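Chains as they are written, first to last, in numbering that gives the first Met the number 0: chain A, 0 to 346; chain B, 0 to 455.
If you're looking for bench data, these hints aren't it; they were derived computationally from the structure.
All values derive from a computational prediction rather than experimental measurement.
We put the CB at the ideal spot given by N, CA and C, even for glycine.
Be careful, since some hints might not be right.
[Unchecked claim] Heads up, incomplete: computed chain B residues facing chain A, CB under 10 angstroms, no partners named:
| no. | residue |
| --- | --- |
| 1 | A106 |
| 2 | V205 |
| 3 | G207 |
| 4 | S214 |
| 5 | A350 |
[Said to hold, decoys possible] Derived list of chain B stretches under chain A, where covered just means 3 residues or more per stretch with a C-beta under 8 angstroms from a C-beta of chain A:
| no. | segment |
| --- | --- |
| 6 | 77-83 |
| 7 | 86-96 |
| 8 | 123-133 |
| 9 | 248-260 |
| 10 | 397-404 |
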Amino acid sequence: MPEPHHPPRLAVALDAPGVPPRHDAAHYTALARLAEHGTLDFVTLGDRFGGPGPDALAVLARIAPDTERIGLVPTVTTTHTEPFHVSTAVATLDWVSRGRAGWTVEVSTTEAEAALVGLRKAAPPAEVWSEAGEVADVAGRLWDSWEDDAEIRDRATGRFVDRAKLHHVDFTGRAFSVRGPSIVPRPPQGRPVTVVEVTGETGGPDRGPSARREVAAARADVALVRAEDPQTAGAARADLLARARAHGRAPGGPLVLASLPVELESSGDAAGLAALLGDWFAQGVADGFHLRLADPVRDLPRLVEGTVPLLRERGLLRRSYEGTTLREHLGLPRPASIYALAREAAR
Amino acid sequence: MSPDPRPRKQIHLAAHFPGVNNTTVWADPPTLRPTTAPAGGTSPGSALGSQIDFASFVHLARTAERGRFDFFFLAEGLRLREHKGRIHDLDVLGRPETLTVLNALAAVTERLGLAGTVSATFNEPYELARRFASLDHLSGGRAAWNIVTTSDAFTGENFRRGGYLDHADRYTRAAEFLATAHALWDSGPAGGPPRRVDHRGRHFAVRGEFGVARSPQGHPVVIQAGDSAEGREFAASAADVIFTRHSGPEAGRAFYADVKRRLPAYGRRPEDLKIMPGVTFVLGDTLAEAQERAVEIRRQQVSPQTALLTLEQVWGVDLSSYDPDGPLPDIDPDPHGELAQGRVRIADPQAVADRWRALSRAKGLSIRETVIETTGRQSFVGTPDSVAREMDHFVQSDAADGFILVPHLTPEGLDPFVERVVPLLQERGVHRTEYTGTTLRSHLGLPDPARPARKD
Chain A
0 MPEPHHPPRL AVALDAPGVP PRHDAAHYTA LARLAEHGTL DFVTLGDRFG GPGPDALAVL
60 ARIAPDTERI GLVPTVTTTH TEPFHVSTAV ATLDWVSRGR AGWTVEVSTT EAEAALVGLR
120 KAAPPAEVWS EAGEVADVAG RLWDSWEDDA EIRDRATGRF VDRAKLHHVD FTGRAFSVRG
180 PSIVPRPPQG RPVTVVEVTG ETGGPDRGPS ARREVAAARA DVALVRAEDP QTAGAARADL
240 LARARAHGRA PGGPLVLASL PVELESSGDA AGLAALLGDW FAQGVADGFH LRLADPVRDL
300 PRLVEGTVPL LRERGLLRRS YEGTTLREHL GLPRPASIYA LAREAAR
Chain B
0 MSPDPRPRKQ IHLAAHFPGV NNTTVWADPP TLRPTTAPAG GTSPGSALGS QIDFASFVHL
60 ARTAERGRFD FFFLAEGLRL REHKGRIHDL DVLGRPETLT VLNALAAVTE RLGLAGTVSA
120 TFNEPYELAR RFASLDHLSG GRAAWNIVTT SDAFTGENFR RGGYLDHADR YTRAAEFLAT
180 AHALWDSGPA GGPPRRVDHR GRHFAVRGEF GVARSPQGHP VVIQAGDSAE GREFAASAAD
240 VIFTRHSGPE AGRAFYADVK RRLPAYGRRP EDLKIMPGVT FVLGDTLAEA QERAVEIRRQ
300 QVSPQTALLT LEQVWGVDLS SYDPDGPLPD IDPDPHGELA QGRVRIADPQ AVADRWRALS
360 RAKGLSIRET VIETTGRQSF VGTPDSVARE MDHFVQSDAA DGFILVPHLT PEGLDPFVER
420 VVPLLQERGV HRTEYTGTTL RSHLGLPDPA RPARKD
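Chain B with its partners taken away, still in its complex shape (with noise of 0.2 angstroms):
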């Protein structure tokens, strides 16, 4: 085998705080704890954090700062869920608003990148420009945003604009809010009087100067999840850094190649877009301990109400009368029902529930291992030597730049990997043993963007 005549490309690495779903383990029983206690070790039962508790975000941020992670990523809620018309209460609920815990963090952290997801549905440019370059000046230039764009009219019950967002209309809109917040922070004061801004768009009008002064990145670190192709289009033409889903190194490589070759025609370099799929770990000490803990977490994150409720999501009906370790129902889905809402709507319920059925019969699963195996899977299993090697091909083979890493536990769940196998990535010569630079742009190697010039 001839050696690689490139060089060895650096792991970017993001740890997301636990989200409010099923992913993340809050019942804690002891087998789930991470192998190796933190130092100065923890009572039973201490890692049953809270999720909302400031103490919980501090811990899981300095625990990345210590790993030399690029960023800390929060994801965004902005109504909970519901199901059957009711609150939905199997996991964890709650959550605080994102950049308010951005900026609280930047006190407790010095280099580690401020990542938040804020919806550019239910927000105005001029105001949401403001608060991220209130960020990046609070944090030094650690400021990133991750932009979504929300269709439904449940969250819309929330906020004044109410209802709807076409989904048509999603990425244009995501375009043009994002276009006029570049407008917003290149007419900063930077030494000088600010510019004015006049903007007028399909959906935006925004005249008038902003008051915050040129922040230290210029403009924040953007990031965008989505995997439709206006989505990818919209990531390639702006974004930098992409959220994505594809964790399989087959379905990995077709992502990354599909979107770095659309780079060039905006004028853009293939390191100019960060390719980040979030991932889950298991560690164990060895391969088997790691296998066998991965089935519990999977076993303690679809308990057989969860799994019920899964199940409900796709047939559209209720299901309550069912054995959850009995065979699935040979009821077919309901087209229009809906049970669930705040989720993300299952496109074909027909074609699922036909692949779970065929799957249940040939393994002879039940519902609870059916929607287990169905469900994801954990992305990374093994000892800490050998999930540093998967990760480091991954990277090697262009199927990512990086990973944003999800634990299961609050909030001491990144630690096991911040102790284990963040030494051997560093080892192998892929992951920094030091931070070069200050600013969230340096450590993802992206370059600071130009402020144009004055045109008047």
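In isolation and in its complexed conformation, chain A is listed as follows (with noise of 0.2 angstroms):
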């Protein structure tokens, strides 16, 4: 297996299972600077539809004025939402932010939160994660309807925009269909980051692994895979490597980020997880690591004060950031528009 250029990839959920949800926006902009201080490169932050606590992107929101560099990745529902909702308020995080949005798709399965919605009954993991690729497709094509430089303010003629450069999507799905274009002008990454779990357990016990992975194989540009050890960890990236190249996607697929349950008791475990990850990312089993700590409030300065010199030390984390994007910090490039591609090539 080919190593890795790119140093590895570092992320820490602001969330922990055990821990409840704070309200306060101090809370959270206290933790995402304290991370941005480690220069990592993003900060997830989970959310459910029925869940207990504020609106995951509502929160990055609130924090993105008071960070500067740090990637914002809050997740979001897609089953009883809207797609057109869930598109432009993705979009509007990467324009307040200034290019550090991304978006971890996540579903809903459950007859509970159905009934919050009440419009229809809940469905299986293979049908709303099917659902959930179409909410990426259409997200992604309402993203690219601005071209641009669709905006022309052209005074001679009076126009603001140059109508040729916005575009209908006209999507239509197995569940929804969007007409177009976005009312959001494309945002400054051109796709914010599409983050996909494959293995997640959000949402109840989980039945759709294979439907995850698809989705994570064809739209993402990270997956996060749950994993104790190096082998299950390379064995899933093979997998949506594999998985991905099916359909179509150029070598390098999404990036495989392994997701590890992480609790510091002391500065001697700051150390040895260094260690750790030096040592799964030398077997080239993952393109870098999102930690899920056991309590950020007591963990998050342990890694940045013990874990995050050490791996400076053996140059596998950035002493500053060099980019002002989330794409740029992961070593992604900026899409361009697949409306203003296939107009290139149509002259």
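Take the two lone chains, each set in its own frame, and fit them into one complex as the hints suggest.
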């Protein structure tokens, strides 16, 4: 397996399963700033449609102006929400953070969550994941529906936009249709970063790992794989990359981050974590890591003060940010609008 | 003249981020720049602000907070307007998603209320109640929701729910939507487990628990815009603020009296609902200068292309061969013609056309001049002193409780008002010099809603 050339990507979850959710912005701001001080790529914030705590995308929008470089990746549920709203909210997170937005695509499969909306019954994972893939697809098209230079402000003709560079997406999926174009001009990253957790546990017992992997393989920029050992992580990565090739994606596929539960009882632990990450990365089983801290308030300072310096010493983590957008941190190119490409090709 | 025995009413002020229509002057000729440049100066052309960059929103919100305004207001768009089947390209197009921008603005302001327009047609009560409760928490009690409904299938083409909403159902759905949101907000955990909500109505069925703790304001402030009898009744029953278009003194007083007299039937006091017309303003060092500037702004807002397009919206037929500087067409409107989508439909095109033609003949106006004359005008035009006096009189004579100001430039259009008019309102004792509370409800003088006692 070829060694990745980019140093490992590193992300951290701001929430933890056993910790009650907080409603105050100061809590999240402090954690995100600490992660930014540690020059991590991004923070994630989980969410569940019927879950406790504030809306994750709202929280990360709230802290965006209080941070400068760190990527902001909320979980967004696609099952009982409108794809158009999902797309515009994530695009707007990219605007207010000046190019630091991503989103973790999630679904809702429980009857309890369906009852909160009352529109339809809960559906099996394979079905809602197939729909989630369509939501990710249409979100990308809506982000592309304004070409980058659609706004022209041409005083001579009185035209604010060049409507040849605005596009109806005319998307018809199995569960919904969207006419388009977006109301939000193309966001700074072109397309905010799409993340899929391929071994997620959110939403109850997961009976749809294959459906998750298919969406990740087809649509994700970053896939998160929960793994306890490097062999499991490596196997999942190989599987994902093979599936991505089957979808016709370019070599490189999604970046695969091993998502690890982390509990830092002591600064010894923090050094051990650096060694473990270095070891897994050297084996080529992951493109980086997503750390799920047992208690972020306790563990994140230990991570930043203990683990981060050791990773930097080994050349496994930047000393300062070179880029300003999440795509730049991750080494992902800024995609061109599919509509701009089609128009160019037709010329 | 005997002194009025009543205490002087305080003027409530809000700032509307310039909308995506031809009120916004995007071409920004230098003559339209604010007369008072912001401290530190601006480089030429800097008022050519982006309508999408977050910096524009920060500038306007901070300016409003500097002026001790009650709240910042965002409209909503869910589909780009079209004309003759093509995307409209003459006005500012494109805007960010409302709640995400407001959450971000909460980080760069401290006291300013944050009001967002969100349709009750293409969202569900549980989801939206959760998003507004989140904003209320994350802003420390500054959230407001301008509840609107959408009836056109054109907008519906972007949504799962699809097309349409019967016009007659708009307010029953909005009322049930709001009642459901209230039930959810009241059920959130506040030092105890959440209460179960079980709502089964005509439009919604919501069963389960609301996971967001009771928010600082209990219920975010509710704003309603709408002028029909049903709209006024809905506002009287459930809204905290009405956003009206009645910016003339006579129409304003009639509207004010009509809405306020509806309140007792709902056990509410007149001061429980604030009436705030959306208004524009133009300032000058002299009245003549302000009037001249107002005319020039109107000319910028109604370009020759925009004049023809406005005419086509009334006539319902292609008029592109007409000269905008020539006379109005003598053909009659097509009553079934529908060229514009995503705009409010004109109820009786023939009556509008007759009125416009009569005006054009009487005054010898061209197409463009007629459109300028008939489609909106500046509400307050004058010197800072005359505008402050006029606004004060408007409020003290019960034509309004305050104003939602709509500047014509982004993002610096509010600057001259805050720098030149606000101090005069403060001198008159009708506008706060400092915030006294931290929540939007406290700015508006509205009581916090009581949390209903547990029934179980």
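Verification of the hints:
1. Annotation: interface hint on B/A106 holds; nearest CB of chain A at approximately 4 angstroms, less than 10 angstroms.
2. A distance limit of 10 angstroms between C-beta atoms decides the matter here; for B/V205 the minimum to chain A is near 6 angstroms, and the interface restraint holds.
3. A distance limit of 10 angstroms between C-beta atoms decides the matter here; for B/G207 the minimum to chain A is near 5 angstroms, and the interface restraint holds.
4. Using the Cβ-Cβ criterion of 10 angstroms, the hint placing B/S214 at the interface with chain A is satisfied: the shortest such distance is roughly 8 angstroms.
5. Interface restraint check: B/A350 against chain A, minimum CB-CB distance 29 angstroms, threshold 10 angstroms, status violated.
6. Only residues whose C-beta sits within less than 8 angstroms of a C-beta in chain A count toward coverage, and the segment 77-83 of chain B has 3 of them, enough to reach three; the restraint holds.
7. Interface restraint, the segment 86-96 of chain B with chain A: holds (10 residues with C-beta to C-beta distance below 8 angstroms; minimum three).
8. A stretch counts as covered by a chain when three or more of its residues have a beta carbon under 8 angstroms from one of that chain; for the segment 123-133 of chain B and chain A the count is 7, and the coverage holds.
9. With 0 residues having a Cβ less than 8 angstroms from any Cβ of chain A, the segment 248-260 of chain B misses the three-residue criterion, and the hint is violated.
10. Counting residues of the segment 397-404 of chain B whose CB falls under 8 angstroms from any CB of chain A gives 0; the rule of at least 3 is not met.
Comparing the model with each earlier hint shows violations of hints 5, 9 and 10; every other hint is respected.
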